[in-house]
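Novice: Take a look at the letters that make up each chain.
Protein chains: 4
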Amino acid sequence: MNSAVIDKREKILKAALNLFTERGFHNTPTSLIAKEAGVATGTLFHHFKNKEELINRLYLDLKKQKMNALIEAVDETASLQEKLKSMWINGVQWGIMHPKEFQFVMQYSNSPFISHLTKEQAMGEYQSTFCLFEQAISDGLIKPAYPEFVADYFEGIFNLAVSHFRKYPEKISEENLDLAFDMCWNGIARVLES
Amino acid sequence: MNSAVIDKREKILKAALNLFTERGFHNTPTSLIAKEAGVATGTLFHHFKNKEELINRLYLDLKKQKMNALIEAVDETASLQEKLKSMWINGVQWGIMHPKEFQFVMQYSNSPFISHLTKEQAMGEYQSTFCLFEQAISDGLIKPAYPEFVADYFEGIFNLAVSHFRKYPEKISEENLDLAFDMCWNGIARVLES
Amino acid sequence: MNSAVIDKREKILKAALNLFTERGFHNTPTSLIAKEAGVATGTLFHHFKNKEELINRLYLDLKKQKMNALIEAVDETASLQEKLKSMWINGVQWGIMHPKEFQFVMQYSNSPFISHLTKEQAMGEYQSTFCLFEQAISDGLIKPAYPEFVADYFEGIFNLAVSHFRKYPEKISEENLDLAFDMCWNGIARVLES
Amino acid sequence: MNSAVIDKREKILKAALNLFTERGFHNTPTSLIAKEAGVATGTLFHHFKNKEELINRLYLDLKKQKMNALIEAVDETASLQEKLKSMWINGVQWGIMHPKEFQFVMQYSNSPFISHLTKEQAMGEYQSTFCLFEQAISDGLIKPAYPEFVADYFEGIFNLAVSHFRKYPEKISEENLDLAFDMCWNGIARVLES
DNA sequence: AATGAATGAGCATTCATTCAT
DNA sequence: CATGAATGAATGCTCATTCAT
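Quick note, the sequences are listed as chains W, D, U and Y, same order.
Take any residue in the first sequence, count from 1 to its spot, add 6: that is its number in the working numbering.
Take any residue in the second sequence, count from 1 to its spot, add 6: that is its number in the working numbering.
Take any residue in the third sequence, count from 1 to its spot, add 6: that is its number in the working numbering.
Take any residue in the fourth sequence, count from 1 to its spot, add 6: that is its number in the working numbering.
Hints may contain errors.
Intra- or inter-copy, both count: the list cannot distinguish identical chains.
[Said to hold, decoys possible] Here are the simulated BS3-like pairs of lysine-lysine, each with C-alpha atoms no more than 27 Å apart in a straight line:
no.	residue 1	residue 2
1	149	173
2	173	41
3	173	70
4	177	149
By construction, these hints were calculated from the structure, which means they are not laboratory data.
All chains should be built: construct the whole structure from the sequences, respecting the hints.
Specialist: Here it is in structure tokens:
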């Protein structure tokens, strides 16, 4: 009983994810989502107050999944640089293996469809990661550029790398993932004077 | 009369740019564009076959403007690195001074609203720039990563930099522009062993 | 258990009365009635076949209450004029003390939501009162206008008086109730030549 | 051209009047109004911002018609009582000849569908009539009951009379109209002591 | 009896596009 | 070329009612 209920909710979210990434938010009728989910139109509105709540709910769920993927199995005893690299690799792999989820989160991060409140909630999950950058700067591990830029930069290249590997799947290899991280990192890292 | 005609066409394009960036394509009725442009609803369809043609036309115009801004006043006799830096700085400055135009081009570059044909035409403008990267790689000026990644990387960080400066306008300064380029470049540049 | 059942039924009727008078029939979802009654949506349909039956049932209940209020404690030995005045005063007082109930009965008396059958049943209760008018006419107590008009007139002014006192509660006083009846009555009563 | 435009607007208003009085506001889909008016659904919303504006517009139009009917051809030189009687007779005749219009105005006068603003505008038209009552009271022509009640009373019986004659059309005659007015009036008029 | 998730027909409203003037 | 009234398919959302538990 309960599982059937959750099932429908999940099916709606899944269908919404597929359709939103394929067709965009405004070009995806709720009726189509319901149809794709194998559910009546009214059912969608039983689970989500309206279309906007659906998209916000979806965004929050996926953002959380992404963040969980980042920190999964990161060796707590490793060095800061190694931690960041692990997270980067984890994240890129998650992005490659969950293309829709990744695209959705990236595409709607700056979208007006996502409410301010949702963005704040999502940002909360990000906080712990952000601390790592601050620490890396104070440790002298990375360039002393102001932290806002570092954060934008890091996430930007991260997204860029995933997008790239989705565009050229044949380029995916451990070597190229390392290369991508290296290009990112050597743009941040303090160049040690010899 | 002729100038009045051009006027209306321009006004429509201008209104469309403002509205598309503020509200998105699907959330911008043609009637609103017409109203904002001070023109009758029918007039829009005299100048553009339909809404899609309008957006494609707009995209192409702006992409061309952006490309022209890049190569403007680049010293032909300068070194390759200096040329690339000039273009970068030019581009970032254009992006800062034309926020709507920049956002529109970036936002819709990967959008399904832009037809394949339009994208190809736009890509044509990019060709000459792309050559510079190939040359830079073969010159040993930048890392021998495969050129597709370099191109994505370069453009990605470029967009990232502009977005960043739009988010934090108080950070705009010659110094920070240089810093941004430096962070980009030292992620690409071969690190010379001492 | 049985009392709990009755309780729910009563709660539904009570909630329906409040909501129907505040928002109208069509603007009151059954789900809202259920919610306001503290009951599941399905429960409403256990007690009433459908929304229409609910409203008809409610109408009949309230009409009966109103009629009972009219004849309550009327002195059987009093004169006809005194009886009618007692009923009038009783009725106005009931209307003042049961504003929702009064409004509902008045509002839906001519409404298509109330079925023909229901109206006839309700009219049955009215019959005995109607006889009084016929008698009053034949007694020469009131003007020899045809009885249909007298009945409409009497009830019309009655409703009017209640509505008036609900609009201006500060005007409620024994004196003004008498005044209202007097205005009603002297429009009916044969003016005796001196 | 212009006449065609007005035509459609008028047709919509007319269809709306018929349907609203027959089926009520909430039970009348805009699609049905459009259909009945021989017009596309969109056309309705071209002329009226939404359903609510349509009903408010309609109310205002009809209220104005009713008021105009009241004061039409009233002899300015006649006595106050004669003036009021003329208006009463005019009004009842208008109500009889325009049953839908009359019912609509009466039915929605106290309805929440009519906005406060609309009611105020409509009340404005009523002002001059209201003055007549004040004058009649100060002239000692009618009972010195407080004017709010007199106004409610007068209008109430007026509506009542029209409703009555619509229910019993066979009772319509000059004689009965006079009778109805007489019953109204002798409930107001000061009974002169002999 | 009671529950509340599910249903899907129905509704108000929007909007790209047309076309007579 | 320009206008803007008219169109009607499409869409987000509501709600009375059902039914498995």
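Novice: Which of the numbered hints are not met once you compare them with the structure shown?
Specialist: Per hint list: single violation, 2.
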